[in-house]
Amino acid sequence: GENVEQHPSTLSVQEGDSAVIKCTYSDSASNYFPWYKQELGKRPQLIIDIRSNVGEKKDQRIAVTLNKTAKHFSLHITETQPEDSAVYFCAALIDRAGTALIFGKGTTLSVSS
Amino acid sequence: NAGVTQTPKFQVLKTGQSMTLQCAQDMNHNSMYWYRQDPGMGLRLIYYSASEGTTDKGEVPNGYNVSRLNKREFSLRLESAAPSQTSVYFCASSAATGPNTEAFFGQGTRLTVV
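Chains as they are written, first to last, in my numbering: chain A, 1 to 113; chain B, 1 to 114.
Bear in mind the hints are in silico, worked out from the structure with no lab data behind them.
Beta carbons are placed, not taken as given, at the ideal position from N, Cα and C, and that holds for glycine.
A couple of the hints might just be wrong.
[To be verified] Listed next, the in silico DSS-like pairs over lysine-lysine satisfying Cα-Cα at most 27 Å (straight line):
| # | chain 1 | residue 1 | chain 2 | residue 2 |
| --- | --- | --- | --- | --- |
| 1 | B | K9 | A | K42 |
| 2 | A | K105 | B | K57 |
| 3 | A | K42 | A | K105 |
| 4 | A | K105 | A | K57 |
| 5 | B | K57 | A | K42 |
[What the hints assert, rightly or not] To give a feel for the contact side, a few chain A residues facing chain B, derived at Cβ under 10 Å:
| # | residue |
| --- | --- |
| 6 | V4 |
| 7 | S9 |
| 8 | Q38 |
| 9 | G41 |
| 10 | R43 |
| 11 | Q45 |
| 12 | D49 |
| 13 | V54 |
| 14 | K68 |
| 15 | V87 |
| 16 | F89 |
| 17 | A91 |
| 18 | T99 |
| 19 | G104 |
Next comes chain B alone, as it looks inside the complex (with noise of 0.2 Å):
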């Protein structure tokens, strides 16, 4: 059982560049997440998807858009890298109803925007 695996794991950008973070649950989770994780700052939410076809914006949506493409998958695009977004990022799912309530992160991308 994968769990919850995200792709890439490392990742360096030139300011202005494009990309997308892939996220794949095998857990038949309803909700996903994207966070962001700086030293000092925690975990902070970027975008979330309550159940396939949905999705909204957390504490920090701005410079990225997010797209729920089946119920397993749930990517994050950055349009135009910037070094304010050097970071560590971390998928979540979690089933978010009933008794199984626990986010499943993944392993996390290392992402550096020079």
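Same shape as in the complex, but just chain A (with noise of 0.2 Å):
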């Protein structure tokens, strides 16, 4: 079936440098492809998404860019701050008969000053 893999699975940083999560998908058709944090015990929340027709975007501190080719997509947070330390997660909308959203399995973030 389809599926979406995201990598690393935890990734630790310095307060001010840069972090980027990658995120693959196998199903051709996607054309949706939102990324949630979320902070422990909380619910996830969308930070940023991208669609299909868009190669990048950008939001402050925070960028999304797709390559529909390759089937990839990634998050990139720049300067990042100690309040950015969460479990980020990638999904893609799979347009079949219904819509439905799919997870990657999750980036745990941690930001340290």
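Work from the hints to combine the two standalone chains into their complex.
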């Protein structure tokens, strides 16, 4: 079946450094790729998303890039801060009979000051 | 605006017992989802409903059933709970079409099966 693979599973950076998380997807028909942030004990919340007709999108310190040919997309966080520490999930909207949102296994980002 | 509301927040079941997790959204979304979250496994899709009256299996449907009662409500039923179903369950909803595709999550249900 369709799947989304996410790497790395854990990532530790120093405050001010950049962090990059990468995902690949299997369904070439996927057209929507969101990223969610989940803080400890809380629900996942959308931080940025990108559609298949766009190659890059930025929102302040975060950006997402998409390579449809290679079927991979990445999250970039610049000037990391301790409050960026959380679990990050990528996802892909699988457009078959319904609209199934499939998630990667997550990346635990730790930012140390 | 409540968003997505799940009940209950916590539940302990004995093996073999049944229960229904309730989910309701007030955003007039077409699509609703049920996920389970286990350490190191991310969010795995159990079942989803693209619109009122339709349901489809996700990645891990075995042991579960769902009902899309109306556009607002999507319930998840465990007919005979097993310890392997110990998990945190999240309901989510999305407009799923057009520019408003963001999925909104409920607060989660922590289920323990003993």
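Now for the hints, and whether the structure bears them out:
no.: 1; hint: B:K9 <-> A:K42; result: holds, 12 Å
no.: 2; hint: A:K105 <-> B:K57; result: holds, 19 Å
no.: 3; hint: A:K42 <-> A:K105; result: holds, 17 Å
no.: 4; hint: A:K105 <-> A:K57; result: holds, 23 Å
no.: 5; hint: B:K57 <-> A:K42; result: holds, 26 Å
no.: 6; hint: V4; result: holds, 9 Å
no.: 7; hint: S9; result: holds, 7 Å
no.: 8; hint: Q38; result: holds, 9 Å
no.: 9; hint: G41; result: holds, 9 Å
no.: 10; hint: R43; result: holds, 4 Å
no.: 11; hint: Q45; result: holds, 7 Å
no.: 12; hint: D49; result: holds, 7 Å
no.: 13; hint: V54; result: violated, 12 Å
no.: 14; hint: K68; result: violated, 17 Å
no.: 15; hint: V87; result: holds, 9 Å
no.: 16; hint: F89; result: holds, 6 Å
no.: 17; hint: A91; result: holds, 8 Å
no.: 18; hint: T99; result: holds, 4 Å
no.: 19; hint: G104; result: holds, 6 Å
Hints 13, 14 from the earlier list are contradicted by this structure; the remaining hints agree with it.
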